[in-house]
Each structure stands twice: as structure tokens, then as C-alpha cells.
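These two chains come separately, so use the hints to put the complex back together.
This is what each chain is made of:
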Amino acid sequence: MESSAQRYIAVFIITLTIFGLAFFASTVLGNKKIEQITNAQQDISLEILSTETRYALLGSSSCEYKIQNENFEFSLNQELNDLARRVKFLESELGGNNRTVQQLKKQYNLLQIKDYLLWRDIQAECGEQMVSILYFHEPNCRRCQNQTVILDELVKMYPEVRIYWFDRDLATPAVETLVAMFGIKKSPSIVIEGQVITDFMRVEDFENYFPEWLLEKYAPAPAPEEDSVSEEGSN
Amino acid sequence: MALWLLILLYTLAFFSLYTQVFFLLSYLENRDIMKKQEQRRVADEDLPAVTMIVPCWNEEASVYDSIQSIFDIDYPMDRFHVIAVDDGSTDNTWQELQRFAGDARITLLQKENGGKHSALNFAIPHVTTPYMCCIDADTTFEPQSLRELVTYAVFEPEVAAVAGTVLIKKPSTIFQMAQNIEYQMFAFNKKVLGLLHGVLVAPGAFSLFKTQVVRAVGGYRQAHNMEDLELTYRLQVHGHRVEHCHSGIAYTTGPRTLKALFKQRMRWSYGFLHNTRDYKYAIFNKSYGSFGVFTLPMSLFAYVVVVVLFFLSWYYFINFFVDAITLIRLAGMSAFAGSLVNFDWFFINTQAFFFLSSLMVIIVVATILLGRKTSKLPMLSHIGHVVWFFGLYNLLAPFWIMSSILNVIRSHQPSWR
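Read top to bottom, the protein sequences are chains A and B.
Residues in the first sequence are numbered consecutively from 1, following my numbering.
Residues in the second sequence are numbered consecutively from 1, following my numbering.
Mixed in with the good hints there might be a few duds.
[Claimed, not checked] According to the in silico footprint, chain B covers these stretches of chain A (three or more CB under 8 angstroms from chain B):
| # | region |
| --- | --- |
| 1 | 15-23 |
| 2 | 29-42 |
| 3 | 86-100 |
| 4 | 136-150 |
Derived from the structure by calculation, the hints contain no laboratory data.
In this text, a Cβ means the ideal position worked out from N, Cα and C, and glycines have one as well.
Only chain B is shown next, with the shape it has when bound in the complex (with noise of 0.2 angstroms):
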């Protein structure tokens, strides 16, 4: 191998590695804190009200079902009110909402098409209570899960905004298992951010915010169709803290198929690398805290290994194929299972290189280990899932990643549906 190659990949190696050990050291300092967060409570007599925004578009067939459920949500119902607002649907969205007329607990809005962000910026004027919970439509919650986000808002009055812990919803096809390892190994990773006080996103699917505060930081801004993000770095960059909450839980449907992860996944890395470079002024300025120092470089970092790690996985994928084939094209079947079955020490791999990725293996499953245990899920149920994760993300996502940097560099904007 060159030599330039090594030193990338050994350097790639040690900051990953850095990045990793950053995450299990701060969790390990930060514990009793998350022990103090669980056992908050708050009186039911004590709880704010709240305002629950739901952007509608072409939601027909769930709507109604959607808004029922918000209701089954355990809060107080004299303070919990919802603003659903159709977004210019062109289905029968705002006909099936019209079976809520009436109801003093729901506000029903119907507006242009305009996006998300536009049907949540139409809400806000509307929005009565001091606090606000931004959701999508499909978005379904654990019972306790909005005081869970509000006891957070309680006890630290200077946080802005508290981001849920968003879980896929019934996994079915092998995309949604992968996704589904990935958001719970995400939710160690958010709660370590949210305790550094770095979040890196207050998920659409589910947050809560000070109304005020949304409203002087200016709402919602067009912002290469990840509205969310944008709006948790201005937060953070006017000084607002913004929390993650691991104990308030909700489910997003994820993609069901290769094609809509791609299409999203291609949104995600186009807006997260569009928006970041509109605030490359945060990067490594310690006036941002950890979002400036740790949370945004380490993000984009991230953005590199998958790529390089693309190269590497596809070489050593194709190369192994390659040779198996030979082998069994060669000298048959047998010769080939032969080649992988080892007794002898001397035909381990003693590379660095090999014990450092093994490591980084072992962290990734550590992780998503934490993940489930922040989670309060049950540790080892469908772990075989990891293999899926491993696979189809070592595989397939630096194909949209590279993408969205073509597309960043091209400046080419990606359709949200």
C-alpha cells in the first residue's frame, strides 16, 4: 500500500477512534447528571401548557387516526392544545381534518402549499401556550413522552428548545432494521451531545420550544429543505441551549425501501452540508461551546470517514469476492470453504489497521448497546439486525453522501418527496 494512503487512513483511524472514545468518556462523566434528569417529575398541577403543531400534506388515509393518538398522549388536557395545518394538500387532507370541527381542543389552519417549515410558521401566530411541540403527522408517541420534554423545560428554564429521542416504528423491511439499529445507536450519541449542551438537531419529528423564543429568533427559514436543522444551529448560536431528552421517546415511520432511504438520506446530507457551510463560522470557534467545538466538526468529519471507509469497504468487498470466485472457478467449491476456515494463529491478521477497525467495531455495537439501554429498551431483542446496519450503511450510504456532495457542489437541490 503507499505510503500516503497509510498515513490517511491511519490518521482517519485515530480521529474516528478519538471521536468515540470522546463519546463513551463523556457519557461515563455525565451519568449522575442523566440519573438526576430521570428522576425529575413535575406535578400534573405544575406542567405548562403546550401546543402540539401538526403539518399536514396529503395525509388523507392517517390523518384522522394520526390526531387521535396525540390525544391518547398523557397530559393534562385543559393545557394541550393542537393546530393542525393542511399544507395545500390536494387530496381530501383538510375534508377528513373537518371531523375535528368543533373539538375547543384542536385549531384547524389550511393554507397554500409551501413546505413544512411554512405550515409550522403559519401555526406559530396561533400558538397561545409558552411552550410548543413540533411533530410530523405520522409521528406516534410513548404515553409519557411529552413530560418527559416539558419536565426538562421546567427545571432548566434557559433551555430553548428539547429534542425527543425518535425511534423507527415497526421495523418490516431489512432498510427499516438497518434504520432502526441506527437511530438507536443515535440516541447514545444525541444524549451525549444533548449533555454537552451541542445538540446537532432538534428532529422535526418530535421537539418542543419556548414559543418566545422561537418567535424572536425569526421561526422557520427556508433552508435546503432541512428546516430543523437550521433552526437548531440558530438557536444555538444566539446562545440558547438546546437539550436532548433520551427518556421521551416517539416513532417515525422509516423509509420502507432502498429508494425513498436514498431519497431522504440524500436530503439529509444536502441540507446537513448546505447549512453548515452557511454557519462555517461556528466551526472550531469556542464562543459555540461543544456545538461549535466538538458537535459540528465531528459531524463533518464523519462525512469523510463514511467516504473513505466506502473506498475501503468496496475494495475489500470486491477483492474477496474476486478471489473466491477464482478460487471456486479454479479449484472448486471446496477449496473455497477450505480458505475460510483457519486454525493456526499465523493466519490471523496482526495488523494495526485490523485491531483498530475490530475496535471500532466493537465500540459501534457498544454503542448502540447504550443506545438501547438510554433508551430503556430491551438490550439484546433482534441484535442479529446489526448486520444489516453494518452492511447496507458501510455499502450504500457513501453513495448518497458523495452524491449530496456533487449535488452541494453543484449547487442541485433535492426534492423533498
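Okay, chain A solo, but in the shape it has when bound (with noise of 0.2 angstroms):
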């Protein structure tokens, strides 16, 4: 009896640690993933402040600046959306409860409404050839997250189109100042091109709403049905 009393002991401390073990190796590499976010957040804060700064500096004559700074403003683009993946992704696994998590998606939040101003106002001054999309969603709402499926896509179809995505559930005071100035009721909501739409959106219904420019920059190859479904799949 001695020595079996001695291997339950044993077993349990073992297991304890190999608990222990999972727990912290979650806890560094979730805490990793969060600095990746913090730090990108940072980032695009910065760049959004420089080219703030740049179109305050140089006013209206910015515009004859803005074409050398295109694939600047491209990948600016598309650091937000590979942040909104990440922020999404987080969120699943840490749950849309955790403090980190929503302190991060407001944060996101921010810089998106901040990209938006700079954006419509450098395309009101300058004519800056620019579609954007701003979605409203909340969580648990079946939906939404049908709406999300066909956006996620959009943005791998279209990396220039600006798409910028709003938890309602966050209810922060500049998240409600852009609910109340776009008057949206419902989730999800989309707004483009000044007209908020509550329909389900395909990316037909998007396309239709795209200008010449876009899609034909993006037009797919005119490649045969079948065999586009196995090349893709590596995407």
C-alpha cells in the first residue's frame, strides 16, 4: 500500500505540471500575441499621425504630393485589415469578455474612425480615387456573421477597398458619435458611398457600388470556372 500511495502522489504532482506547463506556455504565447497587436497598433497610430501631420503641414497643396505616397497609403491599408483579422482571432480565443481584448478593439476602433477623417478629407480635397465601407456589427447575431464571411472576402478580392469594422457592443462615445451620424438602427449595417444599406450585401451587391477603376484593376483573370477552384486553394 506504501508504494502505491507514493504513485498517486507522484502521478498527481506530474500532472500538475504538465498543467502548469500548458497554462504558462498559453499564457506567454497568447501575452506574445497581444504585444503583435499592441505593436501594430502602434504603428499604424504613428503612420496615421505622420500623414496627418503631412496634409496639416502642407494644406491644400498636399494633393500634388499624394501620388508618390500611393503604395504608402496602400499598405497602410492593408496593415488594418490583416489587424482586423488578428484583433477577430483574439478574440475567439480569449473571449470578447476579456479586458485586453476589448481595451485592444477599442483602440482598433479608434484608429479606424481616425483613418476614415484623414481619408474623406484628403479625397474631398484632392479627389483621391478611394472606396471605403464602414460595418456595423455586434456579436451573436447570425447575420452578422454571414455579412462578415462576404467582407472577409472582399478584402482579399479588393486589398484597396477600406473596410472598417465596428463592434456596436463596444459602445464607445466614438463609435455612438458615428452611429447616431450615419443613423444606423440595425446590425449589420453597411455604409457606402454615403448610403447605409441593412440588406444583405453579396460582393455582387458591393461590386455594383464599385467604381470603373476598381474593377477593373482587380478584374479575375479570365481564367475557366474549374480550374480556378484548385489554383485558389493555396491562397
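Next up, the structure:
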């Protein structure tokens, strides 16, 4: 009995150690992910600030400079889109009630609004060619989940389109203001070209709103339908 | 996820891991004993006499060949006897058995139908040898298997019963392939339980008993259609030792179809739950050694885990399926294919529960390999069948377990056949 009692205790300690290691590894890697997102947000916020500053400095003459910076503008949008994916994944992993996740989402929302305002001004001032979509959603809403799938796909098909994701559940003053500004009542709601749309939007429905230059730029290569499935599989 | 659910899942994960670590550690601790067991040899002239009891019920097609194959076992024939019991067959089993009439090596008995355990009990008074071996009519044997079991009994006279290792005979359907993997895995677990003197069941398909001990405890009893389990329990609570012989290998025919498998498992789960309830005083009872402290609680706990695992597996399975369908419907096949490929570590699940469940899967695969090792099977042959095992058992096993739990509650007894 003596040796078997020892065995039960030894197994308990080993199991506890494995459990500890699993939680430790999970925490360390989770923190790494949070750090990655925080860094990305800092980078983006710096880039927005720098664009804003440049824009303020140059005033109306800034329009002449924008052409040189097309790549920069494009990569910023990519970074924002990528950030959106990461924040969403982290939320699914740590849970929407996690404080860190909520803070990251709030920061991310503010960044998006700043980006949106900045480019709206540049667009108005310089006649910049760009398409932006504001998407208001809520967790636990089946139609939102479907709409999200479409928007995820849309980002991949048209990386130049600026999509801003707003979780209405966060209810930060900035998001509330935006909701009031556009008179959003339901989720999901989509604002495109200044119009509020509450119907479900497929990719084709979005394409109806897209300008000619955008459609041409990202028109799918005229490949036979059947082949495209296997080829695009590695995207 | 709700907090209570998280606590439940992590508690179950903890005890599942505990059980697996317990098996592995006990194996490592007792490897020397296993090696010594493998080296033991009994000379032909020292082998005791053994009676093989073969209960038969409606086996006209196979019974002649089955009994012929029993005589192929490598054992001195002057100390080897067979008793075939026709348990009230309604076909020509008895006529088939008559082909052995006049053969001095075999005794033929016939009785009213009463179930396998009644056929065994009917034969026990006719046994004249110190050891008896209970088998199924369709069991086939490795030639050395009986010798291996008897060796345990000879070297450890205090042992009352030796459980043989039962594997699946020539698996051909996916259900049999899954069972084959399952039996290989259990070969390891059962060996460890044997080393700890806490065997769960000396299987009805192939087990050796000391005749006098079985008689002393009163033979088989009607026990919720799982009489082999009940006898093993009874022997152990009476202080008798039951060993597991990993080198004595026999093969049984696993149910071919899902329906047949379901029926068999319903009977097992129902029999296990009912018999364990009958012996509940032994659970966590130190005076019954590992059998009371580990085997019974662990087996009951496994049932709980399987049920929870069921909800979890189906939850993930359905979620994945619904998401996949939504994605394909809304964004096309290529978007779905793309979602399966991922090169960024950020999108790998790093939840503790994911790590722990991955570890559990690794341990289960290791257990299957260790089971093959102890049974001296090729380590990697048909290892792909593991997929059937995980797939079928995760998604299906809980159905028969939950049904049998319901049956135990309602006391509805499933049939044998």
C-alpha cells in the first residue's frame, strides 16, 4: 500500500506540472499575440499621425504629393485589414469579455475612425480615388456572421477597399457618435458611398457600388471556372 | 464560454491526464516484472491439465472448424480436454458436434437454452482438471497462447484467474478496423491493470481459471448479461488475484456492422454500469487494492469523460461544418480551401485546453503503440486505422454509453443477440 500511495501522489504531481506548463505556455504565447497587436496598433497610429501632420503642414497643396505615396497609403490599408483579422482571432481565443481584448478593440476602433476621417478629407480635397465601407456589427448575430464572411472575402479580392469594422457592442463614445451620425439602427449595417444599407450584401452587390477603375484593376483573370478552384486553394 | 463549463472541462482534462500518466508511470515502474514474466518457461512434463469449455449456440456453420482449431493449440494432448456445451441450439449445432462422438479428448453436453453463463456452469461439474479455460465458440488462438496463460498460473499459485489478450480477427469493415485499434490500445491498459493486480475483466473470449476457486465462489451468476465481468469482480472482492497475460493472444470476431457494434456496446455499457453498481462498496475501498482504488473509479470516470467528450466533439464538429458550409455558400470553395491553410503562428490556437487535448491525443496514440509492443505486433502496420478509431469512437461511442445510462436508470435490459 505504501508504494502505491506514493505512486498516486507522484502521478498527481506530474499531472499538475503538465497542467502548469500548458497554462504557462498558453499565457506566454497569448501575451506575445497581444504584444504583436499592440505593436501593430502603435505603428499604424504613428503612420496616421504622420500622414495627418503632413497633410496639415501642406494644406491644400498636399494633393500634389499624394501620388508619390500611393504605396504607403496602400500598405497602411493592408496593415489595418491585417490588424482586423488578428483582433478578431484573439477575441475568439480569449473571449469577448476579456479586458485586454476589449481595450485592444477600443484602440483599434479609434484608429479606424481616425483613418476614415483622414482619408475622407484627403478624398474630398484632392479627389482621391478610393472606396471605403463602414461595417457595423454585433456579436451573436447570425446575419452579421454571414456578412462578415462576405467582407473577409471582399478584402481579399479588393485589397484596396478600406473596410472599417465597428462592433456596436463596444459602445465607445466615438463609435456611438458614428452610429448616431449615420443613423444606424440595426446590425448588420453597411455604409458605402454615403448610403446606409441594412440588406444582406453579397460580393456582387458591393461590386455594383464600386467604381470602374477598381473593378478593372482587380478583375479576375479570364480563367475557366473549374480550374480556378484548385489554383486559388493556396491563397 | 461559461465559467462553470470551463471548470468542468479543465477538471475532466485533469483527471483524464491523471489516468493516462498513471498508466504510463505504472508501466515504466513494472517493466522489469513484465520482462521476467516473458522469460518464464514451464517444461512440457510440468504443465497441468486444462479443460477448454466451449459454449455453443446456433453455430452449425462454424462449430466443427472452431473445435478442430482448438486442437491445434500447442499443448500436451494427454493433459488437454475439451467440453463442448450445446446451449439449446435451434439449428444443427448438436448434429455437427456429434462428428466428434467417440473422440476421447472431448466431452459433448447438451442442455436447454439459458445463456452463455448457464452453459459454462453446466460444464463446470464435468471438469476434472485443476484448470479450466473459458472461451467463445468463435475464438481462435495463437498456438502458444494457452501455454502462456498456464505459465502465469504455475509460477504464481496464488493467482485464481489469468485473462488472455484478445484482439480482433481479420478486420475488414471500418468498424472492425476501429475495434482492432481499440483492442490493441486496451491490450496495454489491461496489462498495466494486471501488473497492479486490478484487472477489470477476465474476458469471456479467453480466460484461464483455477477450477477449485471458481467452484468455491459459486461459478457464474446471472449478471446483467455480462457474467465474465461479474465473476472477475467477485473473485477480486473475495481476495483472489487476477492476472493479465499479454503474451497469450486470441482473436475474436468483432461486430461487422455499426448496428451489431452498437448492440454489443449497449450490452457492455449496461452490464458494466449495473455490475459496478452492485459492487459499489468496492469503489475507492482500499481493502480491495488497485481494483477498488483505481480500476473501478477510473472505468466509471471514463464513462463521464466519453459523454462530455461527445458533446464537445459534436459541438466542434457541427460548428466547423456550419462554418464551412456558410463560407462555401457565400464565398466559394476557394475561400474555404484558403481558410484551411495558415502560415502565421498567430492564428494557431494557443489555449491551454488545446495544448492539453493535443497531449491527450498523443498519449492515446502512444498507448496504441505500446499495446502493439506488449502484444508483439508490428508497430506501424495499418496505423492509418487510428483515424477510424478516433472518428468513430469520439462521435459514436457516447450514443451507446448514454443509451445504456438511460437504460440503467429505467432498468431496461438489452438483449444478448
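Hint by hint, where does the structure go against what was stated? Just the numbers, ascending. Hint check: nothing fails, all pass.
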